[in-house]
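J.: One letter stands for each residue in the lines below.
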Amino acid sequence: MSTLTIAPAGHTGPSTRSWVPRDRTILLVAPAVIFLLAFFIYPFAYGFVLSFLPNEGGWLANYEKFFSDAFLWRTLIITFQLALPVTILNVGLALPIAFQLRRKTRYQWWVTMFLVIPITLGTVLIAEGMLTYFGPKGWLSQALQLLHIYDGPIRLTHNFAGVVISLVISGFPFCFLLTLSYVTGIDPTLARAAATLGANPWQQFRQIYLPLLAPGLAITFCLAFVQAFSVFPSAVLVGAPSGSTRVISLAAYEAAFEQYDYSMASAVAMIMGFAQLIVVVLVLAARRGFYTGPVTGAKG
Amino acid sequence: MNPNFKELRLAGVSRHFGNPGGQQVAALRELNLTVKRGEFIALLGPSGCGKTTALNCIAGLLPLTAGSISLDDMRIDVLPPEKRGFGMVFQNYALFPHMTVRRNVAFGLTMRRVPAAEMKARVARAFDLVQLGGHEDKLPGQLSGGQQQRVAIARAIVIEPPLLLMDEPLSNLDAKLRLEMRAEIRRIHRELGRSTIYVTHDQDEALSLADRIVVMKDGVVQQVGVPEEVYAQPANLHVARFMGYRNVLDLEVESEQGNRVVANGHGLRLHGIAKQALGGRHVAAAIRPEEITVGTAGENIIEGKVRNAEYGGRDSLIDVVTPSGLVLHARTTQRVALDETVKLTVPPERVLLYPAEDRP
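Protein chains in written order, with the numbering used here: chain A, 1 to 300; chain B, 1001 to 1360.
Please keep in mind that the hints were generated in silico from the structure rather than gathered at the bench.
A few of these clues could be false.
Calculated Cβ distances over 10 Å to all of chain B for the following chain A residues [to be verified]:
(1) Ile88
(2) Leu140
(3) Val168
(4) Leu190
(5) Leu197
(6) Ile208
(7) Ala286
(8) Phe290
Cross-link-like lysine-lysine pairs, in silico, BS3-like; alpha carbons within 30 Å at most [to be verified]:
(9) B:Lys1036 x B:Lys1275
(10) B:Lys1176 x B:Lys1138
(11) B:Lys1083 x A:Lys104
(12) B:Lys1036 x B:Lys1006
(13) A:Lys104 x B:Lys1120
Computed from the model, here is a short list of chain B residues facing chain A with C-beta under 7 Å [what the hints assert, rightly or not]:
(14) Val1025
(15) Ala1059
(16) Leu1079
(17) Pro1081
(18) Met1088
(19) Phe1090
(20) His1098
(21) Phe1107
(22) Gly1108
(23) Arg1112
(24) Asp1137
(25) Gly1141
Even glycine gets a Cβ: it sits at the ideal position worked out from N, Cα and C.
Modelling step: build the complete structure from the supplied sequences, incorporating the hints.
T.: So this is what it looks like as structure tokens:
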């Protein structure tokens, strides 16, 4: 932010300390700053302060309650148990598929299109579809029974697996698109050079693509993790909201809209945000261990 | 791959690409070439002539549509690039940006699981050869273009390949560095004693570096020969144009005696030599500007007015307009004034005659 400008020699304006910056184009960020202040900074600060003003007890009472009540602190564990594997799965699936599609081919567009369609569907729509397809009397179950592949009951909804499936369906396209843009940004000549030097396809991937992709994958991981961590609708619709998928956002929801304890709800939200922040900071710290410069073979 | 090979043989090497319209485009047609050990071959041609395609086919980066490539008795066109072991220097260098210069150079040896002590010695030798000591621990992005180019060469030669492939390695350098690196490349080639195939669109580079030049156009080989041959005796009009025969005149044959031909047109009457079967009265005469001199000695005298003169130090490049409006480019060490009427002369053996091109 360089709002500080140095007056050129011979400048005889009325006031050089005017708060209006010399370069007025900087004012273009004003709407964004106002938006950020009004809809993020202020509510966040409000919630932060509110979380220390409990309905009863000392200023840390909400936090003490959260970490002493198993019904509450378990939600944090459950959310991690859900978000971490789902994120690893999404990034892990996106990487090989995006890598295979790195070259422009006739079918690349179609495959990309097909993989990306779920991004246009809302979580609720996905849940609706899953109930008809994966449910105990759903098409999958009926088809498997009809073909006598598996006759037992199939439980892929209203439990942990249901939420995992839902999060993969909605989270994968996002990871895939992001990874695809990182993969296609890497100069394919690098892999060709590695090949002429004796690297087989696996070594080309391991030695060239993977180290160059690592910083991008870290970013993808962070974004996908934050998305999965804040899971709410699918945890209710296709999960077991009072048991195995009682995630932290549900705890916040209950505090706010069932017990009308906004202070407690704010505390839960703060804990949720802090937990996400820890993971993001850890991943970004690890990212610094990798090369993060330009990914082409020569100077521009 | 055997470093003591005798020759690399390309037989009928062709490569077609399917374009978006669905039809097949031949980027390279029936390339036949035998490269002897120790030879420096330049593939020369304008962009899109198929020279890089040929190089990629040899390296194994592109599959052949037809033909075969063999190293002595072993057929290698069926091998993937990592099994061929040819060193390649790419036009954009393709240095691995995340590895230090040392790891870049050692990459080929790492892939071959060369023991650490030997690797160290060989990498050090490669650094010596390209004279790049002291930069081993930098990242490629911290080097200048010329240094990056040296790293690319070091990385390719450290594996001691039987064949070194270079794809316009000097095109990203400035003029001065280009001259220096040209000499370096020739020296490195001599010290290694292996074969080099060098792709370029720069005739000077090809002439100064190569033992033999392969001139290409539209995927077809036009001429293969030693530099003197290609320079002085172009096989056809395409090669002539590409080798700097800037004056191409449309003439009609007046008389023929063996390959000695008298042709006229544009108010000129020139004695020349047919380099190809002329097969008709319409011919094209190709003359280098260097071979037209100001003077009146000899058979071919052309009179005209100086329209433009570019001073070039040792000599000047002048444009002379004949009374019929034809513009001739000539070089002369004499000082001529603008609009001065001069007499030009060119020796008959330097007026090369080819069949006229079909004009659309």
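J.: Please write out, lowest number first, the hints stated earlier that are contradicted by the structure.
T.: 4, 5, 6, 8, 13, 14, 16, 24
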